[in-house]
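So you can see what is in the structure, the chains are spelled out below.
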Amino acid sequence: MATTEKPDVILEDAFVLAEPALADWFIAGPLILGFMFGSLCLMQRKNTLLQARIAIVGLVLMLLADIGLFLNVLENGTVVMTMGRWFPPFGITFAADMLGATFALIAGIVGLAGGIYGLSDIDDTGRRYGFYPFLLLMMAGVTSAFLTGDIFNLYVWFEVLLIASFGLIILGSEREQLDGATKYAVLNLVATTLFLIGVAYLYGIFGTLNMADIARKAPALQNTGPHFTIAILFLFAFGMKAAAFPLNAWLPASYHTPRIAVSALFAGLLTKVGIYALLRIFMTMFPEDRQELALLIAIVAALTMLLGALGAIAQTDIRRLMGYLVISGIGLMLAGLALGSQIGLSGTVFYSAHSMIIMTALYLLTGVMGGLMGTFDLGRAGGLYARAPWLAALCLVLIFAASGLPPFSGVWPKILLVKGAIDVGIWWLAAAILVSGLLTTIALVRMFSFSFWRPAAEEDLEAFSFADHRIAISATVGLAALTVIAGIFPEPFIQVSDRVAAELNSPTSYIEAVFGSSTEEAN
Amino acid sequence: MEVAVAVLTGVFFFVSIYLILSRHIIRILLGIAMLGNGVNLTIFTAGRITREVPPIIGADAYVPLEGIANPLPQALVLTAIVIAFSFFAFLLVLVFRTYQELDTDDTGEMRYAEPRDEETPPLGY
Chain D
10 MATTEKPDVI LEDAFVLAEP ALADWFIAGP LILGFMFGSL CLMQRKNTLL
60 QARIAIVGLV LMLLADIGLF LNVLENGTVV MTMGRWFPPF GITFAADMLG
110 ATFALIAGIV GLAGGIYGLS DIDDTGRRYG FYPFLLLMMA GVTSAFLTGD
160 IFNLYVWFEV LLIASFGLII LGSEREQLDG ATKYAVLNLV ATTLFLIGVA
210 YLYGIFGTLN MADIARKAPA LQNTGPHFTI AILFLFAFGM KAAAFPLNAW
260 LPASYHTPRI AVSALFAGLL TKVGIYALLR IFMTMFPEDR QELALLIAIV
310 AALTMLLGAL GAIAQTDIRR LMGYLVISGI GLMLAGLALG SQIGLSGTVF
360 YSAHSMIIMT ALYLLTGVMG GLMGTFDLGR AGGLYARAPW LAALCLVLIF
410 AASGLPPFSG VWPKILLVKG AIDVGIWWLA AAILVSGLLT TIALVRMFSF
460 SFWRPAAEED LEAFSFADHR IAISATVGLA ALTVIAGIFP EPFIQVSDRV
510 AAELNSPTSY IEAVFGSSTE EAN
Chain G
127 MEVAVAVLTG VFFFVSIYLI LSRHIIRILL GIAMLGNGVN LTIFTAGRIT
177 REVPPIIGAD AYVPLEGIAN PLPQALVLTA IVIAFSFFAF LLVLVFRTYQ
227 ELDTDDTGEM RYAEPRDEET PPLGY
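Going down the list, the sequences are from chains D and G. Just so we're aligned, residue 10 is where the first sequence starts under this note's numbering, counting upward by one. Just so we're aligned, residue 127 is where the second sequence starts under this note's numbering, counting upward by one.
Calculated directly from the structure, the hints in this document are not laboratory data. There may be inaccurate statements among the hints.
Looking from chain D toward chain G, a few residues come up when the C-beta cut is under 7 Å (computed) [unchecked claim]:
id	residue
1	N85
2	W95
3	E185
4	L187
5	D188
6	A209
7	A262
Selected chain G positions facing chain D (in silico; Cβ < 8 Å) [what the hints assert, rightly or not]:
id	residue
8	I158
9	A159
10	L161
11	V165
12	A172
13	I209
14	F213
15	A215
16	F216
17	V221
18	L228
19	E235
20	P248
21	Y251
We put the CB at the ideal spot given by N, CA and C, even for glycine.
Just need the whole structure built from these sequences, with the hints factored in.
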């Protein structure tokens with residue numbers, strides 16, 4: 010049966026035979042490290058001390074790989090690697106452009122902060138139930154979702170981070186957690202399934218899954234097949250992932266139930282993966298459909314940011330208040346996507362990075378405050394200023410940053426977004442951004458005045474000792490320092506976000522990076 | 127053949143959406159399982175369904191014959207089945223635990239994380 014004669018295969022036609030540059034391997038770093046250290050932690054499941062140390066080393070190494078990748082992309086432009094050395098579009102491609110590298114870098118920072126906070130927040134039982142393995146696997150999933158250049162692979166990474174997040178959200182198996190986790194799990198699973206339907210139709214039309222290949226073929230195939238249906242499916246699926254109004258119900262139902270370290274990581278990472286996917290799909294792959302959907306996205310953005318902030322004002326539980334602020338921030342990011350202009354996208358990217366850092370920091374701070382007050386209930390909160398005055402300073406920094414007040418990092422992306430909206434005359438979007446900022450300020454400052462200024466309900470609370478909260482506070486301070494730096498020296502950050510926006514606005518740079526400079530049409 | 131499978135897929139989606147709209151969590155779960163299978167059939171159909179021509183490229187050719195079934199979607203379906211199955215297994219356990227703890231399978235009654243009689247935030251002190 011089998012033929013013995015070899016067909017005259019020319020390897021140069023099918024494979025990349027040149028060795029990739031050593032620095033390019035950074036693109037595989039977060040993925041390999043995440044899985045490797047995740048499984049190491051799993052092997053040390055019972056040894057809770059060693060497990061935590063392994064995890065922190067793993068998270069630091071992942072962050073270093075993210076930094077290396079970011080610097081490499083900054084220096085040399087988009088880095089591309091294809092599995093099995095096949096020429097794209099045949100292997101699964103990993104392509105890190107500025108967008109992916111920036112998101113991966115911020116995710117690395119957030120992951121490390123969450124891991125450090127977990128040292129104090131997650132007890133031995135939580136560690137034995139796998140906090141650190143799940144955290145590392147989730148980080149691998151999130152980072153790889155930012156870096157992959159293959160749309161089915163994106164689906165797989167979504168599922169990887171989703172199953173890891175399921176493990177994290179039910180850590181503790183309390184009644185509240187099971188309730189929240191059920192809604193979180195069901196709705197997120199439906200969202201990824203809808204995404205998969207979109208992928209199925211996409212493959213039916215394009216016959217390829219490589220994002221750059223799809224982007225290359227999209228203009229020619231614009232009027233064949235249900236293009237618009239696919240775009241709507243993706244918008245719906247990722248809008249649900251990002252918790253955009255009216256698909257946000259799962260977020261406030263679940264984000265306040267797990268451990269604070271977990272909530273902080275979710276708030277910093279998961280919804281932003283949805284935003285990243287929307288940017289990638291609508292800017293790189295379907296720019297024409299984005300233009301048709303711009304008005305819808307703008308309306309969704311305005312409603313999301315306003316209703317998120319109003320929801321925050323209506324909350325009694327500080328953790329749920331934070332959950333609504335996450336939603337409000339998503340509205341701002343969608344605003345830039347709706348504008349689609351250089352300045353709008355720049356604002357969106359800067360705001361996403363800012364929001365990942367600030368929402369994580371706010372949740373971590375909430376954890377410290379809740380630990381000190383013994384409650385997250387605004388009705389019973391109080392007495393913090395007398396016990397830890399400098400915690401008030403930290404809290405104010407984060408409140409100012411989250412509300413977009415100078416001199417912290419929130420102000421610059423908001424300026425970019427408002428200017429972008431006014432430039433094209435969409436005054437109502439600009440107004441919504443400003444009003445949502447005001448509402449956010451009201452919600453947070455009220456939280457501040459109740460927790461810090463109001464006298465404590467109970468008199469006999471023990472004095473605050475820094476030593477008990479050293480780890481938790483150092484993680485929060487580290488993140489707060491970043492927002493101060495980005496607020497006072499915004500220039501390099503805006504340069505980066507400008508470059509991301511420029512790349513997003515001209516998908517050809519992404520396509521050329523993946524396929525080389527040849528413009529031949531693949532069959 | 128494609129038409130028959132397309133109709134079947136439509137039925138799958140119809141049934142799954144009907145089940146997901148239910149209040150009872152176990153019916154919602156069954157709906158999600160059906161939805162996953164509907165999607166798998168969609169991917170499967172997207173790759174053409176024929177059995178006459180094997181998807182093998184002859185030694186003297188570089189492209190396969192016309193009209194073969196594309197094997198790639200079948201690989202995708204395989205991946206999707208495995209993922210959907212593992213998620214379904216997890217969800218079943220999660221929902222059973224929830225049922226044990228909350229003593230209800232009615233999503234309208236699942237209000238522990240978001241209590242119905244929650245106090246409004248204080249207006250001053």
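Do the hints match the structure? See the list:
1. Taking 7 Å as the C-beta contact cut-off toward chain G, the hint placing N85(D) at the interface is violated, the least distance being around 32 Å.
2. For W95(D), the interface hint is violated, since its Cβ never comes within 7 Å of a Cβ in chain G; the closest pair sits about 13 Å apart.
3. Annotation: E185(D) was flagged as interfacial toward chain G, and the flag holds, the nearest CB pair being 5 Å apart, inside 7 Å.
4. With 7 Å as the threshold, the beta carbon of L187(D) comes within range of chain G, its nearest partner Cβ sitting at about 4 Å, so the hint holds.
5. The interface hint given for D188(D) is met, as the beta carbon of that residue sits about 4 Å from the closest beta carbon of chain G, less than 7 Å.
6. Annotation: interface hint on A209(D) holds; nearest CB of chain G at approximately 4 Å, less than 7 Å.
7. The interface hint given for A262(D) is met, as the beta carbon of that residue sits about 6 Å from the closest beta carbon of chain G, less than 7 Å.
8. The closest approach between the C-beta of I158(G) and any C-beta of chain D is roughly 6 Å, which is under the 8 Å cut-off, so the hint is satisfied.
9. Using the Cβ-Cβ criterion of 8 Å, the hint placing A159(G) at the interface with chain D is not satisfied: the shortest such distance is roughly 10 Å.
10. A cut of 8 Å between beta carbons decides the hint on L161(G): the least distance to chain D is about 5 Å, and the hint holds.
11. Taking 8 Å as the C-beta cut-off, the interface hint given for V165(G) holds, the closest approach to chain D being about 5 Å.
12. The beta carbon of A172(G) is positioned within 8 Å of a beta carbon in chain D (closest approach about 4 Å), and the interface hint is therefore held.
13. The beta carbon of I209(G) comes within 5 Å of a beta carbon in chain D, closer than 8 Å, and the hint placing it at the interface holds.
14. Taking 8 Å as the C-beta contact cut-off toward chain D, the hint placing F213(G) at the interface holds, the least distance being around 6 Å.
15. Taking 8 Å as the C-beta cut-off, the interface hint given for A215(G) is violated, the closest approach to chain D being about 11 Å.
16. Taken as an interface hint, F216(G) checks out: its beta carbon lies about 6 Å from the nearest beta carbon of chain D, inside 8 Å.
17. A least Cβ separation of about 6 Å between V221(G) and chain D falls short of the 8 Å threshold, and the interface hint therefore holds.
18. With its C-beta approaching chain D no nearer than about 6 Å, L228(G) sits inside the 8 Å limit, and its interface hint holds.
19. Nearest Cβ of chain D to the Cβ of E235(G): about 10 Å, over the 8 Å cut. The hint is violated.
20. A distance limit of 8 Å between C-beta atoms decides the matter here; for P248(G) the minimum to chain D is near 5 Å, and the interface restraint holds.
21. Proximity of Y251(G) to chain D holds as hinted, the smallest CB-CB distance being about 5 Å (cut-off 8 Å).
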